[in-house]
Amino acid sequence: MLELHTSELSVGYNKKPLISDICLAVKQGGIVALVGPNGAGKSTILKTVSGMLEPVDGAIYIDGQELRNISKSQRAKWMSVMMTGRRDTEYTTCYEVVSVGRYPFTGLMGTLSDADHKAIEEAMALVGATELRDLDFDKISDGQKQRVLLARALVQEPKILILDEPTSFLDIGYKIEFIENLKKLVKEKQIGVLLSMHELELVRNVADQVICINDHGEVDCMGPVSEVFQTAYIERLFHIAPGGFERIYGRENAALKREENTEVNRDYRDEDSDSTSKPVNSQRRAHFLMVQGTMSSAGKSLVAAGLCRIFKQDGYRVVPFKSQNMALNSYITEDGLEMGRAQVMQAEAAGVKPSVYMNPILLKPTDDCGSQVIVNGKVVGNMRAREYFQYKTKLIPDILHAVEKLEEEADIIVIEGAGSPAEINLKQNDIVNMGMAKLVDAPVLLVGDIDRGGVFAQLLGTLELLEPEERDRVKGLIINKFRGDKTILDPGIEMLEERGDIPVTGVLPYMNLHLEDEDSLTERFERKAKGVIQISVIRLPHISNFTDFDVFEQIPEVALQYIQRPKELEDTDLLILPGTKNTISDMKWLKESGMETAILKYAAKGNPVIGICGGYQMMGQKIADPNGVEGGGEIAGLGLLPLETILEERKHRRQVQGKIQDATGQFAEWKDLEYTGYEIHMGSTRLVEVPGTGSVGSTVETPGTGSIEITHDSDSSAIVEFTEGQTGYASGNLYGTYIHGFFDRSEIVETLIQKIADAKGISLAMNQVMDYQELKEQEYDLLANTMREFMDMKKIYEMMGLHHDRNEV
Amino acid sequence: MTKRCTILFGVEILLIILLVIVNIHTGSTDVSLSEALSIIVSGGKGDVTSTIILDIRLPRIIAAFVLGGALALSGYLLQSFFHNPIAGPFVLGISSGAKLVVALLMVAAVEYGMVLSSVSMIVAALFGSLMATVFVILVAKKVHNMSILIVCGVMIGYICSAVTELVVSFASDSNIVNLHTWSLGSFSSVSWSQVYTFVPVVLIGLVAAILLSKGIEAFLYGEQYAFSLGMNVRLFRVLLIGVSSLLSATVTAFAGPISFVGIAVPHIIRSTFHTAKPLVMIVASFLGGGAFCLFCDLLARYLFAPTELSISTITAIFGAPIVISLMMKRKRG
Chain A
1 MLELHTSELS VGYNKKPLIS DICLAVKQGG IVALVGPNGA GKSTILKTVS
51 GMLEPVDGAI YIDGQELRNI SKSQRAKWMS VMMTGRRDTE YTTCYEVVSV
101 GRYPFTGLMG TLSDADHKAI EEAMALVGAT ELRDLDFDKI SDGQKQRVLL
151 ARALVQEPKI LILDEPTSFL DIGYKIEFIE NLKKLVKEKQ IGVLLSMHEL
201 ELVRNVADQV ICINDHGEVD CMGPVSEVFQ TAYIERLFHI APGGFERIYG
251 RENAALKREE NTEVNRDYRD EDSDSTSKPV NSQRRAHFLM VQGTMSSAGK
301 SLVAAGLCRI FKQDGYRVVP FKSQNMALNS YITEDGLEMG RAQVMQAEAA
351 GVKPSVYMNP ILLKPTDDCG SQVIVNGKVV GNMRAREYFQ YKTKLIPDIL
401 HAVEKLEEEA DIIVIEGAGS PAEINLKQND IVNMGMAKLV DAPVLLVGDI
451 DRGGVFAQLL GTLELLEPEE RDRVKGLIIN KFRGDKTILD PGIEMLEERG
501 DIPVTGVLPY MNLHLEDEDS LTERFERKAK GVIQISVIRL PHISNFTDFD
551 VFEQIPEVAL QYIQRPKELE DTDLLILPGT KNTISDMKWL KESGMETAIL
601 KYAAKGNPVI GICGGYQMMG QKIADPNGVE GGGEIAGLGL LPLETILEER
651 KHRRQVQGKI QDATGQFAEW KDLEYTGYEI HMGSTRLVEV PGTGSVGSTV
701 ETPGTGSIEI THDSDSSAIV EFTEGQTGYA SGNLYGTYIH GFFDRSEIVE
751 TLIQKIADAK GISLAMNQVM DYQELKEQEY DLLANTMREF MDMKKIYEMM
801 GLHHDRNEV
Chain B
1001 MTKRCTILFG VEILLIILLV IVNIHTGSTD VSLSEALSII VSGGKGDVTS
1051 TIILDIRLPR IIAAFVLGGA LALSGYLLQS FFHNPIAGPF VLGISSGAKL
1101 VVALLMVAAV EYGMVLSSVS MIVAALFGSL MATVFVILVA KKVHNMSILI
1151 VCGVMIGYIC SAVTELVVSF ASDSNIVNLH TWSLGSFSSV SWSQVYTFVP
1201 VVLIGLVAAI LLSKGIEAFL YGEQYAFSLG MNVRLFRVLL IGVSSLLSAT
1251 VTAFAGPISF VGIAVPHIIR STFHTAKPLV MIVASFLGGG AFCLFCDLLA
1301 RYLFAPTELS ISTITAIFGA PIVISLMMKR KRG
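Quick note, the sequences are listed as chains A and B, same order.
With my numbering, the residue at position 249 of the first sequence is 249, and numbering never jumps.
If you want my numbering, it's the position in the second sequence, counting the first as 1, plus 1000.
Hints are computed from structural coordinates only; laboratory data are not their basis.
Keep in mind the model is a prediction, meaning the values are calculated, not measured.
No incorrect hints appear here.
Among the chain A residues that face chain B by a calculated CB cut under 7 Å, a handful are:
hint, residue
1, Met-52
2, Lys-72
3, Glu-90
4, Val-100
5, Pro-104
Ideal placement from N, C-alpha and C gives every residue a C-beta, glycine not left out.
My request is simple: use the sequences and hints to build the entire structure.
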């Protein structure tokens, strides 16, 4: 009996081992399966075993002889291989395709003998491909192709057959057919099979032995299928959140073999929803509550934040969650990972540190139909909308993994939906709204916005468009942003409850809170206010991280406006160049729109200009993109600071904290003040040597106006390090830094505003500037208290399977 | 072999016979068919008509047929190598590489008063085409997009042509006229001694290709699969490229670079014969290439007689649209 085995085999490319210490044995009549996550290296093993790749170390033996010493034709007679990936054929019948497998047996010209013809007929009959004989191989179905290719492998009369994911692209019918064919011929022809396969249900059915490869390049486990395949092990191997495997595959179908104690835990949990007692074991799952809206800006984020604060006040450990965010504004966690800001705000309300698991998928639009996809804080790549629509179901394990991580630390998880759950064109593959609710079996609160009108139609219409099982998940309706006399609303609510057959659990008043809300994008940009102190932020086409400037809105004397036209720069006391998603293209826009000239004129008058991140890069002399990060090229900057920026592919992401090193000009008193914030940018900026004294007083050529003399006080024109670690420089009244959140500390803002007021000769009612953090805390409490007043919290606790009667906590 | 193939082989042979007859018959001097036949059978009487038939038209017919066949075959082999129907010696810049080295050699020979043998021409052309081929293979390893590869090939072609033109303009002899006609591609001025050189070389190439046909069939399904059948893939690749280069180099040495035959003919054969069997494709492409070039040469001589067009002018008109349609039909790269 012939056997293929390996001894201490290491496989890999270019002599670099990918997987080491592989000891496998395939005997005639047996089936061995390789399983493991994508990219673990299963194909590499198969290629090495079949001789296509040289082993990095160790050896492969067939029938006791080392593979490299076996002649090519002998090898081909012992072992046949069926890899993924096919060449397209033209004008080739299936019979001809199969006949190529006789290569090791035919002569110089490849003429087929009678014996060859007989072998071909037999192989085709064995896999049930006889009726395909004269059909064009290119024109048959995938399942039929796979049958023909199996016949081609068989016609080689192998003792060992190597198959790389033979069932991957087949529908379930063909998968079963293929597996049955394979089992039959293994038995009849006594062939030994080594295969890789993703469908664990099939592996369980077909294989005798499994070898599990994990994604650290190790043989994680091997042995008989019945011993290896246990739910918990599979979940670990493929990084599935506990229970995730069953949730997708269904309990009966998927459960390969369940460990006894898991079974008990599970049952316990099922009872739990009907009883008031809290289970006391670590496998317990958190309680979920999901907030969905009838439309964008219905107030989901704030309602979720308010709920977080309420649960926190009631003594629960609560965390926010949203599976997928689409936003330009991202936040950097302590680990340097990116997540959406709405969950950061909710985490603050919940009194926990923001974690990337609260928002596992972040989409940052790069243009009108494409986005950068960030999964668990890491950039996966850029995708078109359509492409992502196909891709996103692959992210379910990541979502479940994130939920599992959060469950470790939480009693309650408040999930926010996105947009509307009734977008019937996008419902398929949904992972943010009802799809998400289903994944974790969460009750849903549906929020409608009465301020924009039509709230009854919003709520009833949304319910109407949901599938019955989805509708059953909606346990309560909320009318948000109500102003006026509630008694007028009451008859409507009665009818709403009657028609929708779902209780209205709250009518929330319109609240004006100073909290970051990324959805209020348009409102924010359109506001043109006039104040005693005028701060203007340039509305760059790719503006990002504009929440940096929210802090100014709480100072009564300050009016913050976003400007796009040179004329709007008039009467501005402080100009801010914000961050951008695309520095070069926005720099171009500055030049084309005439803003550049206006900014230079403004700066030349000695007015203060502050650049943050992308804006800071633009204040330099040059921005170059040699690696094509933003599409290549280079562009001259504003030339306000003697800096040069080179965009790099590596993204700098970190939280920072430091002291202002030095400051010149109007805000010289900033020196030694502490700041906190974070950096997120591609590219690094360095100082360029200025001939002469290191002064930046220079003449800048600007189109249209000739040249403008930029002058500064002689003592303040020197370039100084502004923020620590060369992250920012200042010169005169020009300040630039990479630090986002620079204005979050109250001392910095106070100093800033005070100096401007002094310069204008205005006196401020100062003490009003409160630490932004402190203010936010107050706002969250206000939000929670208002919501308690107007919502039926008892009902909401009931939905989640909690009986909250512990007001004493 | 299917019935369809047998019939089409018959058609090909009939076509060749017909084209040979018409080619002997037509030209700037009209010679009647019976007269021509009698001259060929009797061996000629030494008069002008005999010379035209025996020393001009007959070698030219043989050249068009054999070199045309070689070109089509070379194209088929390259297509097998690259797994792509748009590969061919002309579009990949291989013919131009050969042309450059041959032109350099010719100019040098004129300059230093050497006489070039046919064999040295083939060697020079082979050297040039192998250089271009190696370059193309290196590019192909980096980019897996056939369109980019072809653009590279066309660029190599331009570079080689530019250098050739440069060399020609600095050359100092009247032989330049010859060189110029040659560099555009032409079957004119082929002598019997040249025929005696290239016919054996092309026949060797043809036989080698036939011997490779078993391997080509396995190779069609991918290199990994061919390896698993026990094939020495590395050796096979070298042989395939070697034979293909030898064939296209021979054509270039004697008739200059001729465009698109290498792509157009195998494509026409494949889509009429409805087969991918290498043995059938090799023989049928060779015969088809011969017939195609006989036809094109006829047009080149006849259309604006007595002015003769370059053969590439004609082959491009028929061939280039086929290449464009093939590129548009392909779903990927």
